[in-house]
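Undergrad: If you follow the hints, you should be able to join the two separate chains into one complex; please do so.
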Amino acid sequence: MAKSKVVSLAEAMTHCHDGMTIMLPGFVNCGVSQTLIEGLMQAGIKDLNIISNNTSVKGKGIGKLVHDDRIKHITCSHIGNNEETCAKVVAGEINITFVPQGSLCEKVRAGGAGIGGILTPTGVHTPMQDGKQLLEWDAAAGKYKFVEPDEPQNGARYILETPLHADVCFVHAYKADKMGNVVYHRTARNFNQTFATAADFVIVEAEHIVEVGELDPDEIMTPGALVDLVVQANMED
Amino acid sequence: MRKPTNEREMIACRTAQFFQDGNIVNLGIGMPTQCLDFLPDGVDVWVDTENGAIGLAGAPGEGDEFPVDIVDAGGNPSKLRVGGCCFDSFTSFGYIRGGHVDITVLGAYEVDGEGSLANWMIPGKAAAGMGGAMDLVSGSKITIVMTMHCDKKGNPKIVQKTEMPLTGWKVVDYVVTELAVIHITPEGPVLEEISPNTTVEEVVAKTGAKLIVPENVKVMSF
Chain A
229 MAKSKVVSLA EAMTHCHDGM TIMLPGFVNC GVSQTLIEGL MQAGIKDLNI
279 ISNNTSVKGK GIGKLVHDDR IKHITCSHIG NNEETCAKVV AGEINITFVP
329 QGSLCEKVRA GGAGIGGILT PTGVHTPMQD GKQLLEWDAA AGKYKFVEPD
379 EPQNGARYIL ETPLHADVCF VHAYKADKMG NVVYHRTARN FNQTFATAAD
429 FVIVEAEHIV EVGELDPDEI MTPGALVDLV VQANMED
Chain B
93 MRKPTNEREM IACRTAQFFQ DGNIVNLGIG MPTQCLDFLP DGVDVWVDTE
143 NGAIGLAGAP GEGDEFPVDI VDAGGNPSKL RVGGCCFDSF TSFGYIRGGH
193 VDITVLGAYE VDGEGSLANW MIPGKAAAGM GGAMDLVSGS KITIVMTMHC
243 DKKGNPKIVQ KTEMPLTGWK VVDYVVTELA VIHITPEGPV LEEISPNTTV
293 EEVVAKTGAK LIVPENVKVM SF
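Here the protein sequences come in this chain order: A and B.
Quick note: the first sequence uses the numbering used here, first residue 229, plus one each step.
Quick note: the second sequence uses the numbering used here, first residue 93, plus one each step.
Excised from the complex, chain B in its bound form (with noise of 0.2 angstroms):
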């Protein structure tokens, strides 16, 4: 496995400590899907898409054949892996809000120390949909929120309780970013494990929601 350059990156690697060998994941366009550069060694997951398949390998590269009628949830071409399968949306839903996807990794506009999620439309602001989150923060056994800790100018995105339009209430179980690993709790947001680049301290500072800090918090190792 290789180790990470950027605080990005960093989010990707920590998420993907969370794979399983075996798991069924579905990832987020964009940065949840740099999770898979990063599967811990002996970790093979099962990559889940939206439109209608399980086993999703990557965009082709030079040399591939390329995929006729094979896409991402992004609509765009992708390779499927040897055992990979395809079937239709209503399969493909009845799968993911049935509980049977292991892990979905999103982002996030805001989440909040309950565990409440907004991340497809800002207040005053055109919206393009909420494609399929709705469904996957509905139906998941475990959901991961992958975020920068605090947005452009500096404000904390983990807050203690968001007024945006949700996605999902209460639905949030982890939330990695590049100072922290908060775990939701029923009890609360818990602190877990900090970046080694930082603080106690500086992460409460930095985080809206009040966190649960217990005696001891581990720090995050790649």
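Just chain A, with the same shape it has in the complex (with noise of 0.2 angstroms):
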């Protein structure tokens, strides 16, 4: 029989250090991992790098790390849901990186599938492309060519981004076995299933952890060999 990988959350926080990367998938508010977050509030661990698509609204879920000054910095598509983080953006508190929402799933894809890199036609000719590689399909030659921003566009251009990868990942499941197969609910699911593939060390709350075999093969989103750790969410975080 497979090993349990279901811990305590306080033996799971052994696994966090302070100035780690660490990707906290979700959606607003909405699939982020409660209760690996409280255990980093109770854990004490700061100077964090986040990869996030947002930081969930004041006070709760990544909300509590922005309120506690536990970030360095963000890398995320919108803010917006927070004005707490919004305010410590402006005063210069937190360093913040933005990326459009496609592209930072496709980045992190790319780190967790073994790609060097994407090729997207999002944020071209926008600010999103300062500092990035630009290349542009060239018809005649059949291959891509590199350009500078500023030349005239004659096919189709796209931004290389790269990927991206980080120390330890939290992800937030409906239901997990105790070997770490996970099964997402509804749009809760969001970058949970593509941020798992990314990090060194994942760690799964699940809301319900089953027995192994009681999921069905084919229901399984995230296959537990990705999967180093499970505890049990707290519905109450």
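Note that these hints are calculated values from the structure, not bench results.
Be aware that one or more of the hints could be misleading.
Unchecked claim - When the alpha-carbon atoms are kept at most 35 angstroms apart in a straight line, the in silico DSBU-like pairs for lysine-lysine are as follows:
#1 286(A) <-> 217(B)
#2 288(A) <-> 310(B)
#3 316(A) <-> 300(A)
Computed from a predicted structure; not experimentally measured.
TA: Spelled out as structure tokens, the structure:
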């Protein structure tokens, strides 16, 4: 029988440390790992580099880390749902890198899939191309060429987006078995499935932990092979 | 279908006339979602949301079961209609960028005569981020901007060439305002329709971009 990956919240936190880069999937405050983030709060872990889509809402989820100044840098697509994040970014207390939402997901997918980068049309001729390499399809030559931002465009143009990777990823599951096989629920799946592929260490919090064999192999959305630990989610968090 | 009762509803109602039965539509937060109140008779659309669902059916009302784990692109609880489906963000943005969304509707700070759109960042002001807007405009089959024709100071929001940080370059197909429907074509912005409450001269005067004015400009009907 497979060894159980189920541990206490406190034990899971021994795998987290100051200054780590951590992926916190979720959309606004849906599908965010509330229990594991509460664990970071209790463990006093700080100076975090966060990769997420948003920063939840004020005082909840990632918003707790924002409120208590645990974050050094955020890579995300939108912070508008949390006025406290906006204020701290303006005050220079948190550094931020905006990435278009689809590009964010693709960068993480590349990081998890062993791909050296992706070409996306998203953000071409916008501030999102600043400092990045641009490629344009040269139909006559049948290959891409690198171009400068101010060159006239003569073919399909793309930004070369590089992979993202993290030390740790927190995943919020609806159901997980003791081997870490995961099922997500409705739109709480969002970034969890992709982000779970791109960290050295993956900790799942599950609303329901079930025995191995209870999940139908076809319903499993994230294979347990990607998961290191499973923690019981506390739905009060 | 109910009739519009104010300028914002006129914009939503006219925009909804672009929808065809069975279309997959992505509607920005705020005014664009009002289009659903004005669907033409016989037209049913499927609402895509960037966070991973097709078939959103609006906020839960009294007596509705509270939708656990289903939110819209603003993070607010939403119902999912029968036949709706949920998926991960990777699938969602593949769908969006890959040209599978029929119509995207969103707002603008400025849009220009080439169809370039600025709607996420005002220079000198803190930005909240672009979310999925840049992906949506780069991939949708048709992108429609719905906006008041001028800003609160009376300056045109449709300009010859915007200097603002872009959301997308040459991405907008139509601009719908309380005064006009403007079709962005390779030749330039064409004034296709005007509101019953205005004149071609007024629209031209309130538009920063040089409009192409056909001989017969239609009047919007609701």
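Undergrad: Each hint needs a verdict: does it hold in this structure or not?
TA: Comparing the hints with the structure gives:
no.	hint	result
1	286(A) <-> 217(B)	holds, 21 angstroms
2	288(A) <-> 310(B)	violated, 51 angstroms
3	316(A) <-> 300(A)	holds, 11 angstroms
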